[in-house]
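> Whole structure, please, built from the sequences with the hints as guidance.
Residues per chain are reported as follows:
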Amino acid sequence: MSSTLAHDDAHAAHHTSLPVDNRKLAIWTFIGSECLFFATLISTYLIYKDTHAKGPGPKDIFEVPLVTAGTAVLLFSSFFVVMALNGAQEGNRKKLLGWLGATIMCGLFFLGMQVYEFNHFYHLGLGYTTNLFGTSFYTLTGFHGTHVAIGTLWLMTVFKDALKGRMPPAKALNLELAALYWHFVDVVWIIIFPVVYLMSLRS
Amino acid sequence: MSAHDNAAQDGHSHTSAGKYVQIAVILFALTALEVLLYEVSYGELSHAAGGLTAALEPWFVEILLILSAMKFWFVAMFYMHLKQDIKPLSWVFGFSLVIASVVIVAMIILFAYTRGLFWADVPW
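For the record, the sequence lines run as chains L and E. Using numbering that gives the first Met the number 0, you'd call the opening residue of the first sequence number 0 and step up by one each time. Using numbering that gives the first Met the number 0, you'd call the opening residue of the second sequence number 0 and step up by one each time.
Just so you know, the hints here were simulated from the structure itself, not pulled from any lab data. If you're wondering where the values come from, they're calculated on a predicted model, not measured in any experiment. Since no wrong hints were added, every one of them can be taken at face value.
DSSO-like cross-link-like pairs, simulated, lysine-lysine; straight-line CA separation at most 30 Å:
no. : chain 1 : residue 1 : chain 2 : residue 2
1   : E       : 82        : L       : 93
2   : L       : 170       : E       : 18
3   : L       : 93        : L       : 159
4   : E       : 82        : L       : 94
5   : L       : 93        : E       : 18
6   : L       : 94        : L       : 170
7   : E       : 18        : L       : 159
8   : E       : 18        : E       : 82
9   : L       : 170       : E       : 82
10  : L       : 94        : L       : 163
11  : L       : 170       : E       : 86
12  : L       : 170       : L       : 93
13  : L       : 94        : E       : 18
14  : L       : 159       : L       : 94
The following block contains the structure:
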């Protein structure tokens, strides 16, 4: 009797007056707050991007081909994760694992690219405290990279569940929540790529 | 509970893999256009493009922002399923984007204004 009630309570906890799981509403609300977080970082960068009397500026260090590759990889990963979700919803474990593994690899590649980029910029003379351009640039892209790292770890936990056969179609929402976060990280980069890199390279 | 019932409970039906491929192609095409726009306006192709460079350069920022907004819209609507999901989720996201845009514009106007004032040159 008591175990039945406990089960009913747990089941009821996932339903709201909206026809959507409350975890999904929670992740969208969280994504909304993240929009404001990145808005402040992007505006700070736009204000200080030309403040580099000492040390290198954007035109001295940015390399379009490298960042374009990183952008392409993130776009690939967004496509891969929806294909993984498609596999989870169909109950196709092989498809789920394949596409999810590819998404995780893209996340790791992007992080590797960012580590290389930061290291390269540091050796070109742009430290975190060299000038306000450097500070605002490293803060913005560093926080984005941190989000990519968290997203990659989250996807790895879902991958582990899928590997152990704990991801039936009824639990596809677990992957959908992680995928929503991952897509948000992607759309932030969709803004950062032109605003931070391409616009800053104008003569 | 079947996968279909689960989808109905989540508030949207499943998108086909073919649709996801179509969106991916559009996203890559838009990214290629962004890079091409930069190369024609300021990069390697700017010397060869001549008249096209002169025509695009004044509109560089505007075109880039439009292309980015299109990519953003495609990802949010189709990959994040806002097109199929219940409307309140779109309102939550849309409202946040409006406030975020106001924050960016307000900060830039505020700093542009204070930099124009004589006391803003003081090294605080």
